[in-house]
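Whole structure, please, built from the sequences with the hints as guidance.
There are 2 protein chains.
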Amino acid sequence: MDTEQLTQKILDGDRRALARAITLVESGRKDHRAKAGELLSELAKHKRQSLRIGLSGTPGVGKSTFIESFGMMLTGLGLRVAVLAVDPSSARSGGSILGDKTRMERLSRDKNAFIRPSPSQSHLGGVARRSREAVALCEAAGFDVVLIETVGVGQSETVVAEMSDLFLLLLAPAGGDELQGVKRGIMEMADLILVNKADGPLKPVATRTCADYSGALRLLRKRPQDPEGFPKALMVSAVEEHGLDNAWEEMQALTAWRKENGHWDRRRADQACYWFDQEVRQALLARLETPEAKAQMAELAGTVSEGGKSPGEAARIMLKALGAA
Amino acid sequence: MDTEQLTQKILDGDRRALARAITLVESGRKDHRAKAGELLSELAKHKRQSLRIGLSGTPGVGKSTFIESFGMMLTGLGLRVAVLAVDPSSARSGGSILGDKTRMERLSRDKNAFIRPSPSQSHLGGVARRSREAVALCEAAGFDVVLIETVGVGQSETVVAEMSDLFLLLLAPAGGDELQGVKRGIMEMADLILVNKADGPLKPVATRTCADYSGALRLLRKRPQDPEGFPKALMVSAVEEHGLDNAWEEMQALTAWRKENGHWDRRRADQACYWFDQEVRQALLARLETPEAKAQMAELAGTVSEGGKSPGEAARIMLKALGAA
Chain F
1 MDTEQLTQKI LDGDRRALAR AITLVESGRK DHRAKAGELL SELAKHKRQS
51 LRIGLSGTPG VGKSTFIESF GMMLTGLGLR VAVLAVDPSS ARSGGSILGD
101 KTRMERLSRD KNAFIRPSPS QSHLGGVARR SREAVALCEA AGFDVVLIET
151 VGVGQSETVV AEMSDLFLLL LAPAGGDELQ GVKRGIMEMA DLILVNKADG
201 PLKPVATRTC ADYSGALRLL RKRPQDPEGF PKALMVSAVE EHGLDNAWEE
251 MQALTAWRKE NGHWDRRRAD QACYWFDQEV RQALLARLET PEAKAQMAEL
301 AGTVSEGGKS PGEAARIMLK ALGAA
Chain H
1 MDTEQLTQKI LDGDRRALAR AITLVESGRK DHRAKAGELL SELAKHKRQS
51 LRIGLSGTPG VGKSTFIESF GMMLTGLGLR VAVLAVDPSS ARSGGSILGD
101 KTRMERLSRD KNAFIRPSPS QSHLGGVARR SREAVALCEA AGFDVVLIET
151 VGVGQSETVV AEMSDLFLLL LAPAGGDELQ GVKRGIMEMA DLILVNKADG
201 PLKPVATRTC ADYSGALRLL RKRPQDPEGF PKALMVSAVE EHGLDNAWEE
251 MQALTAWRKE NGHWDRRRAD QACYWFDQEV RQALLARLET PEAKAQMAEL
301 AGTVSEGGKS PGEAARIMLK ALGAA
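Chains as they are written, first to last, in full-length UniProt numbering: chain F, 1 to 325; chain H, 1 to 325.
No lab work stands behind these hints: they were computed from the structure.
Please note that a few of the clues may not be correct.
[Said to hold, decoys possible] In silico SDA-like links for lysine to any residue, alpha-carbon gap of 25 Å or less: (1) H:K30 <-> F:R316; (2) H:K320 <-> F:L288; (3) F:K294 <-> H:L288; (4) H:K320 <-> F:D31; (5) H:K320 <-> F:A34; (6) H:K45 <-> F:G308; (7) H:K320 <-> H:A293; (8) H:K35 <-> F:S305; (9) H:K30 <-> F:A34; (10) H:K294 <-> F:Q278; (11) H:K222 <-> F:L319; (12) F:K183 <-> H:G185; (13) F:K320 <-> H:Q278.
The structure is reproduced here in structure tokens:
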């Protein structure tokens, strides 16, 4: 299929064409990269926008159940929903977080939903670019909502936040000794904190957890892109499917406010600049990604770590080896 | 003075030699860089360590008063104290946050204290390397404590945290409508939150502020390098000079625990690796620091921001211009 045909099919919302295009942007082959670039430039002209919702939460908080229930609610409202995953760990583990579609059995059979497992990747830079391009393809294919899930390995939340309009943090109820706490830096990215499992015997704990996080959010500096009362902590039950409609209303209210006040466009523009900058930097840093460079970096890091060389000395040796000194 | 002489004088704690060496590491001249590298390698062999305390706080929280009172308390205990500043904004503003020593009049006259204003700098990468090297020089000069102050512009807190053993966040008491909140990401770097101005009519507000932050800290995931009860929020009054001894005891307790449990050495080793990695990366990215490259990056970012080009397209143009495509 040539680029023109593929462009048209994606714009028509053809799911097989979309899947094929995502495979294309995931490829590292030079001719594939060129074709992907051409395709993305063509599609960008149509300036279609989805609501891109980033979602983070550690294993055990019920993320799959939440995505399934929330996704089904959205398709029930007549919306088309795409689900993507950013998982820099999948190369290592050999698996992928959305690889097993049975995790979201109902949603995967819904004709208004599109679920794409995360590809195997070798480093976060690559994951970021490919994920961002996959999101752009889903937007061009006319999805109303694109859910971008992350497992929260390393910097993956930052990556997801930088390609999302809204960022949700899903938590499980916990108190006292069980209090696990939130990974550092994440609470401060969230537009909404959703305390899941607010059902059955956990409901009182969820109420308390929700109040605690509401209090903590108030201590953070107000961001210009937040109306009064945001970021907010809410209770949901993905299993009992309640609180989801309320959460969706809050997301819509926040989105409407940001659009009205120019923050939506500004954030989109800032994100585009961020990714432009990142792509340039990553290309310049690509010399560190060869197996030889990685091995030498690791060896020098070992020496530095033992105090055998200062960071500056080791850096000079490495740069000389790269022919960049 | 040759490197050997300078090395010896610094090891002897000669303040003029130290000041001169800091000027040397701040220089961008190639021969100065080479000499600085040699000097730092020589000094590193002596493996002298200070307690490096990073300190952040927005203007108005009483940071200078705190540094003066805390510094005087330390010198009163017979300790030698160096104060450095990391201020990436000073190039722009033309000033420097510690430029005016009258801000810390008593401390600047204390023979056991050494205060160094922040240099004018052009970008954070440069600021980071030079500051880190200035810290290393102070350590070699035998200071017991090195206080590293930051104004909190951009990423400067991260930079300071990565060259500190302890990171303190200084806050002013605030409640209700005045609540300014903490810059995102900063609370989660803190080992101690110090609520200053716990004196006079502000004392009840300070007590409440301190309790609020204690609550918020408990919601964060426990870090392996923290013993039970840390990070902690405490009240101090820099003006009335109380609470400072308690804060110092907590810092010592935390430090002792980390040393005993291997976290001190591990953190030092991790930081050295971090800076090695950063130096290599910054050197590879130096091509973006020329006036021409900056101008072209800015122009392309403008186009991307207006939607005239996709991030990927713009990146390819830039990389071609850099001869790196």
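Restraint status (C-alpha distance of H:K320 to H:A293 at most 25 Å) | holds, 12 Å
Agreement of F:K320 and H:Q278 with the hint, judged by alpha carbon distance not exceeding 25 Å = holds, 16 Å
Taking 25 Å as the top limit, are the C-alpha atoms of H:K222 and F:L319 close enough?
-> violated, 37 Å
For the pair supplied as a hint, F:K183 and H:G185, is the alpha-carbon distance within the 25 Å limit?
-> Holds, because 11 Å separates the two Cα atoms, which is no more than 25 Å.
Is the Cα-Cα distance between H:K294 and F:Q278 25 Å or less?
-> Measuring from Cα to Cα gives roughly 14 Å; hence the hint holds.
Is H:K320 within 25 Å of F:A34, Cα to Cα?
-> holds, 14 Å
Distance restraint between H:K35 and F:S305, which requires alpha-carbon spacing of 25 Å or less | Roughly 23 Å separates the two Cα atoms, so the pair holds.
Are H:K45 and F:G308 close enough, with their CA atoms no more than 25 Å apart?
-> Holds, at about 9 Å.
Restraint check for H:K320 with F:D31, where alpha carbons must lie at most 25 Å apart = Holds, at about 17 Å.
H:K320 and F:L288: Cα distance at most 25 Å?
-> Given that 25 Å is the threshold and the Cα spacing comes to 19 Å, the pair holds.
Given hint H:L288 paired with F:K294 - CA-CA distance at most 25 Å = holds, 23 Å
Holds or violated: are the alpha carbons of H:K30 and F:R316 at most 25 Å from each other?
-> Judged against 25 Å, a Cα distance of about 13 Å means the pair holds.
In this structure, the earlier hints numbered 9, 11 are contradicted, and the remaining ones agree with it.
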